[in-house]
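Number of protein chains: 2
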Amino acid sequence: MTLQKLVNQIRKKKSFLCVGLDVDLTKVPSHLLQTEDPIFEFNKAIINATHSFAVAYKPNTAFYEAYGVKGWQSLAKTIAYINENHPDIFTIADAKRGDIGNTSAMYAKAFFNDLQFDSVTVAPYMGKDSVEPFLAFEDKITILLALTSNAGAFDFQTQMVNNEELYKKVLQTSLTWENSQNLMYVVGATKAEYLKEIRKIVPNHFLLVPGVGAQGGSLDEVCEYGLNADNGLLINSSRGIIYASNGTDFAEKSREEAQKLQQQMEKWVR
Amino acid sequence: MTLQKLVNQIRKKKSFLCVGLDVDLTKVPSHLLQTEDPIFEFNKAIINATHSFAVAYKPNTAFYEAYGVKGWQSLAKTIAYINENHPDIFTIADAKRGDIGNTSAMYAKAFFNDLQFDSVTVAPYMGKDSVEPFLAFEDKITILLALTSNAGAFDFQTQMVNNEELYKKVLQTSLTWENSQNLMYVVGATKAEYLKEIRKIVPNHFLLVPGVGAQGGSLDEVCEYGLNADNGLLINSSRGIIYASNGTDFAEKSREEAQKLQQQMEKWVR
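So the sequence lines, in the order shown, correspond to chains U and S.
When you line the first sequence up against our numbering, it's residues 1 to 270, in that order.
When you line the second sequence up against our numbering, it's residues 271 to 540, in that order.
In isolation and in its complexed conformation, chain U is listed as follows (with noise of 0.2 Å):
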């Protein structure tokens, strides 16, 4: 998918909304537990009830591959069903990965070509080398750790570098990478405040906003200070959606919280 096409969606439904499909079984109707892949069928109900207000799917690869093969056969149906009956809507493999060149390679080939994902998420550590084989697919979008939304954050990203903090050095040291217009950023919107400094550094590029809900961040400020001409902003919610209700109407109550949301990003919308 073309970024052009992303921003066209955002315009459209009128929301930057991007729903993690982060799914626990020990959080999932029990009356979905009988079926043969309740994994599939939970994100099934939950595409099916939140589609009009989302642009985005986001599932993080740590909750499939807890079940082995099987989880791993379910992100396969999951990301095969986006695809075919919404395939306009923009699809990311929340995997943080990152290795050497030809390591990395192998992972583009896994969620771009097996799984055809429109985009992955990469983490920096290792530099140039272990993000550009992901950047190489060029009309595939690699989404780049930058500053996230936990505590450990704190840790390293946020650690002064030769005068500026980490994540920054990071953001500029990958503008300089081949492909580098392939590139979004995760951005931790419990830190809204560094949303301005940010775009400083990448005011055209979108940031994928994650920690909005259970994480604790504020919608409108993080609209107010990371929201470009393109809108540039995929907004996250995962556990706030998918699990706000536990019984046969789960999927109607994420719904519900899906257009709450979506409500909440319309008078941003450019």
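By construction, these hints were calculated from the structure, which means they are not laboratory data.
Note that the structure is predicted; figures quoted are calculated from it, not measured.
Note that the Cβ used here is the ideal one computed from N, Cα and C, for glycine as well.
Heads up, some of the hints might be wrong.
[What the hints assert, rightly or not] Chain S regions said to be covered by chain U (calculated; three or more residues, Cβ under 8 Å): (1) 329-342; (2) 365-372; (3) 391-404; (4) 415-423; (5) 431-440.
Given chain U's structure and the hints, the job is docking chain S onto it.
Okay, now just chain S, sitting in the frame of chain U:
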């Protein structure tokens, strides 16, 4: 597996060789491609041929994920085969994972509980709460990226953070995390001169050293600067061993290459 068992194995086999099972189907002998699971058949043959000279096996997950569900099945069969037939051998899921706390816990579950690896490699960028869920498994080992063997290591890892390189800050900080005694560290062999400095910070921990062989590090230099009283080293070779031949003699040739490395290590084992 306890670290003491690993140390015993090293002394018994006079080897600290780790064999990297990074299986690329384009490099596998063509006669295996007719079998139902060429990746597993390849791994089984390599394991059968090299286990007398190796104390650890390290599949890199990228090479399995690239083949989707089938690849993940091959990974599951490979680790099950090792655990069943060679329970004394230390196993490493080279996965370079890391995410916010509850998500890292799912990754830990995937590799420690579901697949039953002894250890997993983890990226440090997201800090303490992204690593501690792995460390919480007290009978398992968490192998933290410190200084990697690729060119991109100089982008961030060797940048100065408050008068010391980032990778040193990572080492020092990680020692303050709960259950830090369960840590090992990835240190690239292409930078043997750094090992002396690293040993000042982590004198007692094991180091997993990739980059001997195809990536160009010197085995003797690594031993000179990296060994400690427990030996404290796992030196990995992947391509040099597993692709020693692409004919029907591939397993025999892999055995010869593994033996050569073991013989070079023998004089260093303490």
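Checklist line | Index of numbered hints that the structure contradicts, given in increasing order | finding: none
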